[in-house]
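A.B. asks: In case you want the letters, here they are:
Protein chains: 2
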Amino acid sequence: MKKQLNDILMDQNIFIIEEFIRHQPYDIAQKIKSYSLQDQISLIDIIPITKSSKILRHMSPVEQYRILTHLSVDKTKILLNSQPMDDLVDLFLAIHPKQDEKLMTYLDKDTQQKIKDLMIFKPGTAGSLVTIDYISARENWSVKMTLEHIRKIAGNVESVSYIYVLDNYGHLNGIVSIRELLSALDREFLSNIMIRDIISVYAEVDQQEAVKKLTNHYLSALPVTTTDNKMIGMITFDDAMNVMEDEATEDIQKLGGSEPLNKPYFETSIWNIYSKRIPWLLFLFVAEAYTGTVLHYFEDTLEKVVALAFFVPLLVGTGGNTGTQIVATIIRAIGIGEVKFKDIFRVIRKEVSVGVLLGLSLGIAGLIRAYILGVGLEVAQVVAITLVCIVLWASIVASVLPLILRKLKLDPAVVSGPFITTFVDGTGLVIYFLVAKMLLNL
Amino acid sequence: MKKQLNDILMDQNIFIIEEFIRHQPYDIAQKIKSYSLQDQISLIDIIPITKSSKILRHMSPVEQYRILTHLSVDKTKILLNSQPMDDLVDLFLAIHPKQDEKLMTYLDKDTQQKIKDLMIFKPGTAGSLVTIDYISARENWSVKMTLEHIRKIAGNVESVSYIYVLDNYGHLNGIVSIRELLSALDREFLSNIMIRDIISVYAEVDQQEAVKKLTNHYLSALPVTTTDNKMIGMITFDDAMNVMEDEATEDIQKLGGSEPLNKPYFETSIWNIYSKRIPWLLFLFVAEAYTGTVLHYFEDTLEKVVALAFFVPLLVGTGGNTGTQIVATIIRAIGIGEVKFKDIFRVIRKEVSVGVLLGLSLGIAGLIRAYILGVGLEVAQVVAITLVCIVLWASIVASVLPLILRKLKLDPAVVSGPFITTFVDGTGLVIYFLVAKMLLNL
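As they're listed, the protein sequences go chains A and B.
Okay, so the first sequence: first residue is 1 according to full-length UniProt numbering, each after it adds one.
Okay, so the second sequence: first residue is 1 according to full-length UniProt numbering, each after it adds one.
Think of the hints as simulated: they come from the structure by calculation, not from any bench.
Some hints here could point you the wrong way.
Which copy? The list can't say, so a pair holds if one copy fits it or any two copies do.
What the hints assert, rightly or not - Heads up, simulated BS3-like pairs for lysine-lysine below, C-alpha to C-alpha not over 25 Å straight-line:
#: 1; residue 1: K340; residue 2: K33
#: 2; residue 1: K213; residue 2: K350
#: 3; residue 1: K437; residue 2: K304
#: 4; residue 1: K212; residue 2: K263
#: 5; residue 1: K102; residue 2: K407
#: 6; residue 1: K230; residue 2: K350
#: 7; residue 1: K31; residue 2: K340
#: 8; residue 1: K54; residue 2: K212
#: 9; residue 1: K51; residue 2: K31
#: 10; residue 1: K212; residue 2: K51
#: 11; residue 1: K437; residue 2: K102
#: 12; residue 1: K114; residue 2: K77
#: 13; residue 1: K263; residue 2: K350
#: 14; residue 1: K33; residue 2: K212
#: 15; residue 1: K54; residue 2: K77
Can you build the whole structure from these sequences, using the hints too?
C.D. replies: Set out below in structure tokens:
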């Protein structure tokens, strides 16, 4: 499968290379990733720096490191110095402390210090997403002066969307968007056009909170400050999008009843996947095991009317399905901030109303199914009534549990599909046999 | 709970209002949404236009419409004309065709036509996300000229991030980012600095494809063209983020075994939620019903060794849990493009390897559980061996099905947690009784 890139190079078939590097950096990066390391290195080496530095940005820190350490010192230096600050921080965080000593020395003292300053922020915090390649200005600057300044440094910043107005101590006092700056008159001062009601976050807050702020307010960059309002840097929309995608992936994996992998699927080892899945499976196994206890307890009922056993998987399965539907909806609604704990009674009212409709529909389906199996009207009645009860029970549990977990500051996604299924399995059986005992006078 | 805003206004307590409107537009919008319609209207009426127009953008089209139709004609006109083009299109699409006649007339003929042109794009396509408030230029313009042009129109466009270079016929021939423009010399021509390898999408493509392009290439806006490369407009990063969030919500709800609601939870009626959930529940009910057939078929086995019945929910439940974990991981990996159909054998190999480890662990757990229940060594063996088989079976089914659906151009998320649970329930029972018959010589 692997392209024999070296062969191509040997042939001096430079046209193919030229054709190749005319693609977009992202697309080239995706292609290159499937090549052997040797080919990756050869390619990055011959591609012009302006392009190769952009290609590197679309590779993971570990992939970047592998290539960088095999290039000539000069090349590595230039490439390293062309990377945005936040990518450099990710690179040095990803590689082993011992290994970064050499790479670090390729950067100037000032940059080294800045990277070390940014490396202190814990992964998952707003600070960990920060880039310091932003535009700063003073409030007594005129629009003309500011524009001239921007035109000098535009090539070195990650985004020109906002100009951050700082005082002598680095406090963030105002923001001017590039659009407002361009719309203003040359002689106007920044102090007159800057926005003082600043939207910003502290470096220590959860990255999800920062991303929510950025998206809610439609910002392309969000300033990050210390608690005493000193500017640290900014989070740009592209990093926010990555976080959004990762967080959704985590939620989905948790909802599937597994710890999140935190890595791309094919980059996660078999052992690693096993270790993320087995704790929940064992927990659920133990929880599910009490269904055996329940069945054991009702053994005499079961022996008297063996037909009851036919419906066990159907009844608990349907309860689990109903619960899973609700859990997925509620957990997502909590995740994106649509539903909060204070809405708990609204949620219950809504879900119970839907549950009544669903229960009646499924109850009728149960009657029909029991009739087809020919188990007699009495057992059919038990099945139908149990279905209504189980669906209502699942509705209440599935809508209440995630909200309570949230209130207790636990992750609501702990209530996964498998969790609610397991929970309803055991409790549903109890409902089933109680209904059976009552209606069949056992 | 509702604030008596009118009372506040009566009191002429203007300080409170002033304090209130000092908040960010998004936050004011969230507050206002919980007020009565009358209060919403009063508030929007007294808030200065520059702010109220921004507040409106954070409300849903229907909420916007309710307020707009109750304001004075003049106010409505000004507010309506201050909205970005894509929001106007959403507004007119959301309200009933009859109702929009009056509102439409508040806009000038030119804008009316533009809105009607954009309204033809189907929801879910790239075209439906388009805004036409972009900056266009000609390639023979100098940087100086372009900057002067931008400074004149910056207030009227949605984003100044990119300058789109069009020819006389409206074809998109190049793009200059505002950063590159600012970095270039005044006398330089756009033709010399514009990027010609344009990243763009056709209006008809799926919105998810467009969003993926925007995020992959770290763009803050993506141009949308006709198939013959005529510029229609652009998709901005904030709209892309909304789509990302909505698509993740849809995936999660589908994975929960329900049709997606397509609306915020509390805005969806009980009847609507019911109609999204019941088709899948009934389908799964029918599918699950064959567990009854299986149990019926093995009735004599079950009567001979009633102890086998105790483990039915535990065995099928564990199989379902394993399958749900895998399905969540694989469907998300397909969704974000990490796994493709060609990877099917890599996926199977990986999942079977993990499955062996999981199966053995759970098999041991099964032995212990059976021992505790005191059902005898033979039944315990059956349970342990069945667990290994069911876990492996679930691993294969759950990793293969989503990829095959994808290949058939069907939505892989049809294989929801409940779907795989139901599937494994029936087939798992067959495995259980076959193993039992073989080992117990029944």
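A.B. asks: Against each hint, give a clear statement of whether it holds in the structure.
C.D. replies: Tested hints:
1. In this assembly of identical chains, the alpha carbons of K340 and K33 lie at most 25 Å apart only when taken from different copies (16 Å versus 43 Å within one copy).
2. When the C-alpha separation of K213 and K350 is checked against a cutoff of 25 Å, the pair qualifies neither within a copy, at 29 Å, nor between copies, at 38 Å.
3. In this assembly of identical chains, K437 and K304 lie within 25 Å of each other by CA distance both inside one copy and across copies; the values are 11 Å within and 23 Å between.
4. Proximity of K212 to K263 under the C-alpha cut-off of 25 Å is found in both arrangements, the shortest distances being 22 Å within a copy and 19 Å between copies.
5. Neither within a single protomer nor between protomers do K102 and K407 lie at most 25 Å apart by alpha-carbon distance, with minima of 48 Å and 47 Å respectively.
6. Proximity of K230 and K350 under a CA criterion of 25 Å is satisfied in neither setting, with 46 Å inside one chain copy and 48 Å between copies.
7. Proximity of K31 to K340 under the C-alpha cut-off of 25 Å is restricted to the inter-copy arrangement: shortest distance 15 Å between copies versus 44 Å within a copy.
8. In this assembly of identical chains, the alpha carbons of K54 and K212 lie at most 25 Å apart only when taken from different copies (18 Å versus 27 Å within one copy).
9. Taking the closest pair of Cα atoms, K51 and K31 come within 25 Å of each other only inside a single copy of the chain (15 Å); across copies the shortest separation is 47 Å, beyond that limit.
10. For a Cα distance limit of 25 Å, the shortest separation of K212 from K51 across copies, 21 Å, qualifies, whereas the shortest one inside one copy, 32 Å, does not.
11. Within a single copy, K437 and K102 get their C-alpha atoms no closer than 76 Å, and across copies no closer than 66 Å, so neither meets the 25 Å cut-off.
12. Taking the shortest alpha-carbon separations for K114 and K77, only the intra-copy value of 17 Å comes in at or below 25 Å, while the best inter-copy value is 51 Å.
13. Proximity of K263 to K350 under the C-alpha cut-off of 25 Å is restricted to the inter-copy arrangement: shortest distance 15 Å between copies versus 37 Å within a copy.
14. Taking the shortest Cα distances, K33 and K212 sit within 25 Å of each other only across copies (19 Å), while inside one copy they are farther apart (32 Å).
15. When the C-alpha separation of K54 and K77 is checked against a cutoff of 25 Å, the pair qualifies only within one copy, where the shortest distance is 15 Å, while the shortest distance between copies is 46 Å.
The structure is inconsistent with the numbered hints 2, 5, 6, 11, although it conforms to all the rest.
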